[in-house]
Structure formats: structure tokens, C-alpha cells
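Chain by chain, the residues run as shown.
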Amino acid sequence: MSTATATPPARTSPPPPRDTRRPGRLRRSWDKHWYAWVMVAPVVIVLGVLIFYPLGRGILLSFTNLTEANQLAEICTKSITGSEVCKPNPSAWEVVGFDNYVDLLSGRVGEFWRQFGVTLLWTVSCVVFHYGIGLGLAVLLNRPLRGRGIYRVLLILPWAVPAFVSAFAWRFMFNEQFGVINTLFEAVGLDRAEWFADWRTALLTAVVTNIWVGVPFMMVTLLGGMQTIPSEQYEAAEIDGATPWQRFVNVTLPGLRPVSMTVLLLGTIWTFNMFPIIFLVTGGEPAGGTEILVTGAYRAAFEGIRNYSLASTYGVLILSILLVFSVLYRRALRKQGEVW
Amino acid sequence: MTVTPMAAPAPKAPGAGPRGRSRRSPLASIGLHATLIGASLIAVFPIAWVVLSSFKPGQWVQSSELSLVKEPTLANYEYVLTQTNFPTWMLNSVIIAACTMLIGILMSATTGYALSRFNFPGRRHLLMVFLVTQMFPVAILIVPIYQIMAALGLINTHASLVIAYLTIAVPFCSWMLKGYFDSISTSLDEAASIDGAGPFATFWKVILPLARPGIAVTAFYSFLTAWGEVAYASAFIQTDDRFTLAYGMQQFVPQFNAQWEYLTAAAVLVTVPAALVFLYAQRHLVSGLTAGGTKG
Chain A
475 MSTATATPPA RTSPPPPRDT RRPGRLRRSW DKHWYAWVMV APVVIVLGVL IFYPLGRGIL
535 LSFTNLTEAN QLAEICTKSI TGSEVCKPNP SAWEVVGFDN YVDLLSGRVG EFWRQFGVTL
595 LWTVSCVVFH YGIGLGLAVL LNRPLRGRGI YRVLLILPWA VPAFVSAFAW RFMFNEQFGV
655 INTLFEAVGL DRAEWFADWR TALLTAVVTN IWVGVPFMMV TLLGGMQTIP SEQYEAAEID
715 GATPWQRFVN VTLPGLRPVS MTVLLLGTIW TFNMFPIIFL VTGGEPAGGT EILVTGAYRA
775 AFEGIRNYSL ASTYGVLILS ILLVFSVLYR RALRKQGEVW
Chain B
59 MTVTPMAAPA PKAPGAGPRG RSRRSPLASI GLHATLIGAS LIAVFPIAWV VLSSFKPGQW
119 VQSSELSLVK EPTLANYEYV LTQTNFPTWM LNSVIIAACT MLIGILMSAT TGYALSRFNF
179 PGRRHLLMVF LVTQMFPVAI LIVPIYQIMA ALGLINTHAS LVIAYLTIAV PFCSWMLKGY
239 FDSISTSLDE AASIDGAGPF ATFWKVILPL ARPGIAVTAF YSFLTAWGEV AYASAFIQTD
299 DRFTLAYGMQ QFVPQFNAQW EYLTAAAVLV TVPAALVFLY AQRHLVSGLT AGGTKG
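Residue numbers (the working numbering), protein chains in the order written: chain A, 475 to 814; chain B, 59 to 354.
Keep in mind the hints are simulated off the structure, nothing from the lab.
Idealized CB from N, CA, C, for every residue including glycine.
Be careful, since some hints might not be right.
Beta-carbon label-pair distances, calculated as ranges [to be verified]:
#1 A:Arg588 <-> B:Ala92: 38 to 48 Å
#2 B:Ala92 <-> A:Arg582: 51 to 61 Å
#3 B:Ala92 <-> A:Asn724: 21 to 31 Å
#4 A:Glu668 <-> B:Ala208: 37 to 47 Å
#5 B:Ala209 <-> A:Cys560: 38 to 48 Å
#6 A:Val583 <-> B:Ile213: 46 to 56 Å
#7 A:Leu595 <-> B:Ala106: 27 to 37 Å
#8 A:Gly621 <-> B:Gly254: 51 to 61 Å
#9 B:Pro267 <-> A:Leu738: 34 to 44 Å
Short derived list, chain B residues pointing at chain A, Cβ under 8 Å [claimed, not checked]:
#10 Leu149
#11 Ile153
#12 Val288
#13 Ala333
Please work from the sequences and hints to get the whole structure.
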């Protein structure tokens, strides 16, 4: 995500490749850029230790059969005299190659494909509504309008609520016995719905919650993007006799492109990995029917006999899916001439 | 409440100046306001409903009768604050989130500056890495980090959560601060360097003070991230007195015999302070986010 727009005061032309003068290229590069490297060093070190080292371990774990039950290399028992006797664990974990992947992808263990399908449904519906509603509200708020400030604050409110509180609030409202949504349904003559009895309605509750949680972010970012579009473009379009809809399609949308592309990519990634909403609103009910990949992985790792290796396998697969998606996304943008 | 479809009022030129209002037909005006009022109601209703419910006695919270407030009482708040571990959880959350915020900002401020100002070899890669870390599902890091924490004996400590949250906060803070530094004119850097200041002095004496709003907003955002995190908190913390709010509040709504009245009161207590600061900070937050997102 980097173009060269970023104002480098000390711009470095890339060193000519054939340059054999003493101090070596690395040395000269260091002399020139050492302060920049020193400045980024803490973060690079932290990223390395806290993210890439665990990542490497996670990938390695996915090739073992490590679980809570077989994680000890030795089993120690206290003898009567108080001394400890340790024997190698006969069923200790071992490297099993691609077994986890085969098990998971063939459906022998867990419900990967079902969860993958739910995740796709979840991600697509959330992102489409986030973007659509966010864009609609941003367009409305971007015009001269009485009470604009008040609307803006009210519409941003859901963003100010921590996600786990929102999740609890919506689960409370969707409660089958006394939830206000069922009460309102009844008041207008509809049947009470058993939201968590069917995976489709249960997923719907989570999607509604997540839409409510995520729209303000989209709205505000798109609003920010709209305000950077020069008004001359609108004036020119107006002089050319463009209808409001034409102005929206030909001026607003292209002007929003850079912001849209970023928020759509980030929004997709965030939603794909959105843990708390599913975990707290549906809890995977009914019977794992609304589990997405991330919560499935969490359950593998921390519920029942903790299957650490299987959870890591999930993690590697999720990351691969997102990486492939991002690469394709970027490529599609490039094809349309977006330099990004 | 009338909710008109989103597209009802034809989109008119944004930023078209005050002419826009006079030219809008009354019907379009009504549609516009109706849509916004409807959307605002939807945005506010869940919050209002939780607040209202928190003042009701238990039997009215869990009743299918529709009532705004019935026999208002502060008993739920009193119970949550005196009879449960809620204050301890709150303190835990504050400590953990504050540590995450401080360490995260300290580390990412210089990085954001370097990314914004210097075109050093590796810059593009680092920006790429920040983006890629956004893709890391909790699932891939949580087990290895859990095992490392277990090996270090840090399970069930605040430190384990702070370390885990840094993996989320550091890339994001660096990214956002870079965006904020981008919005500060480079002519200031040039002036400082003409005055003989090195890059570190320029950063420390000239740019950092100017970036204070951006730092504050990023700090707040990382605070909120740690404040609301659920997965790590659920996995790493085992005893009641060490829970964070996000995990502790699940105690109020077990599978059976959920105590929604206490949950609503706790929700209000958790949200009000965070929301006040958030609303104060959000303007800067957005400009930092969009700047960071659109400029490479």
C-alpha cells in the first residue's frame, strides 16, 4: 500500500547497480539512513519477537499433533519417598506433516467448509451493508443541512460503544423471551421469532449487530474522503448539466476511490476475523451453525481437550485465504489502472 | 417512525455551498431529514434501551411487557458496584489498557515519523508488513503466544495481555501516526534542519509537540482496542480477580439464569466514560485514519 507520494525530504535515488567503490553499498546506505532505521528499530524488533516469531511457531505447530493431552515430553510421578521419577511420555506429540490440513480440509475433523461458507456469507453481507449504508449516510451528511452536527454525533454513537458491550446489548434485545425486538414484533402483529433456533436467523442477529457496530466507521471515513474532493469538479459538472445522480457517479465515486479501496480491503479483513460479535452474540448457536473460522479455531484451541495444532492449522488457512484475497484485490485494482 | 429508503432523496452535489438548501424541494428536504432521523433512531435505540433497562428492577428487565421505565431504581448499579468483582475488573482493564497504550505509543511514534519523512530502503516493506499484520487472525497467534506465556509463567497475569495487545496496537499505531505526521508540513523539518537540528532533535522538539493531538487520538484508540478485546482475555486469564471487563461481564450471562439487569448496569458503567472521550476525540481520529489509508 505504498506509493511514492509520501514527501521524502531526503529523497534517495536508488543506487546505481554497478558501483564498486569502497565503502560497500550497505555501508553507504547505513550512513545515509541510519537514523531512519534507528527510529523504526523498536517496532521492527517488537514485530519480530511478538508477531513473526509466534507466527513461525504457529506454522510449525500446524504440522504437529500437539494437544493439551500430549504436550508433555515427560511424565513425572512422585514416588513414596518423595523423589520424582520421570519417564518419556509414550504418547507425546510428534510431527505429523500435513495430516491436520488433510483432516480439516477433508472434513474428517471439525466443519471447516461449513464454517468457511458461513464466514463468506458473514463477511460479504456485513461489508456490503457497511459500505452501502455508510456511503448513503455520508452522502446525506455531506450536504448543507440543518442539524448536521447533531445527526453526525448521533450516527457516530455506536462506534463509541466497545464492541463487546454492543454484542451484549444486541443479544439482550434479541432475547427470545423478553427481548425488545420480539416484543416489538408482537406489538405490530408478527410472530415472536426464535432467533437462535435456526442458524440463518442466528447469523442474521450477528450480522445486524455487526452492521450497527461498523457503519459509523464507514460513514465517517467516506465523509472524510468526500470532503477532499475539490468543489470545482462539482461546479464543472453542474455547468455541463449533469444531474445529481450523474454527479454522484462521475464525481463523487471516482473521487472516493482511494478511500473506498482502503476501507473495503480493511473492512473485509476485519470482518473476516471479527471474533467478539459472533462469540458473544450467537456463541456459535445453534450447535455450531453460526461458527465462523476464527471462532472455530478458538474453540479448537481453548475448549474441551485443547487442540493447539488444529487451531494453528485453522490460523494458517485463514491467513492464506486473506493473503490470496489481498493479492487478487490489488491485482484487480492495478488492472483498472489504479496505482496503489 | 418513518424510514424512507436510503436512496429516496436524489443525491445532490456535496459541498455545493449554501445554494443547495434553497434549491432543494420541500419534499426532498422532508425525505432527507426523515432518513437521517430514522438512521439516528436506529443508531441510538440499542444504547438508550440498555440505559433504560439498567434502571429497571430485574423482573421488568426480563419481562415481555414493553415499558420504557418501570419502578426506576439504582439497585442494579449498587449490586454491580458492591456485590460483584466489577470494580476489580474495571481496574484490571484500566491497568492493562493503559500499559498497552503507553508502550504502544512510545514505540510507534518514532516509527510513524520515520515512515512519513524518510524514504529509506525497507520503508515500503515495513508499510506492507503493517497491512499484513491486520490480516493475522487471532487464531494464528493466540496459541503460540499462549504457549510462550505459559513457558514464561505469565499465564493469568496482566503482563501476558499487555504483550498480546501490543501485537495489535503497535502496527496500527505506527500506521495511524504516519498518517498524522504526513499532515504536518515538511517545511517545518526543513527549517529545523537549516537551523542545524538533526533528525532526532527535529522529531523531538519540533514535530512531536505539533503532533500531540494525533498522539492523543492514537493513544486513545489503542486504549479502546485493549479495553474491548475478548479472545486473548478469555484465553489467558483464569481467576476471577484478574478478569478484564470484556471477559468478566460474560459472568453475568451464563447459559442459565442470566442476570441481564446487572449486565445492563455494567454495560452503562463501561461505556459512558469511554464514549465521552471518544466523542471528544473522533474528529482527529478520522483524519488520521483516512490520511494513513490513502497516502502510501
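Contradicted hints - numbers only: 5, 6, 10, 11
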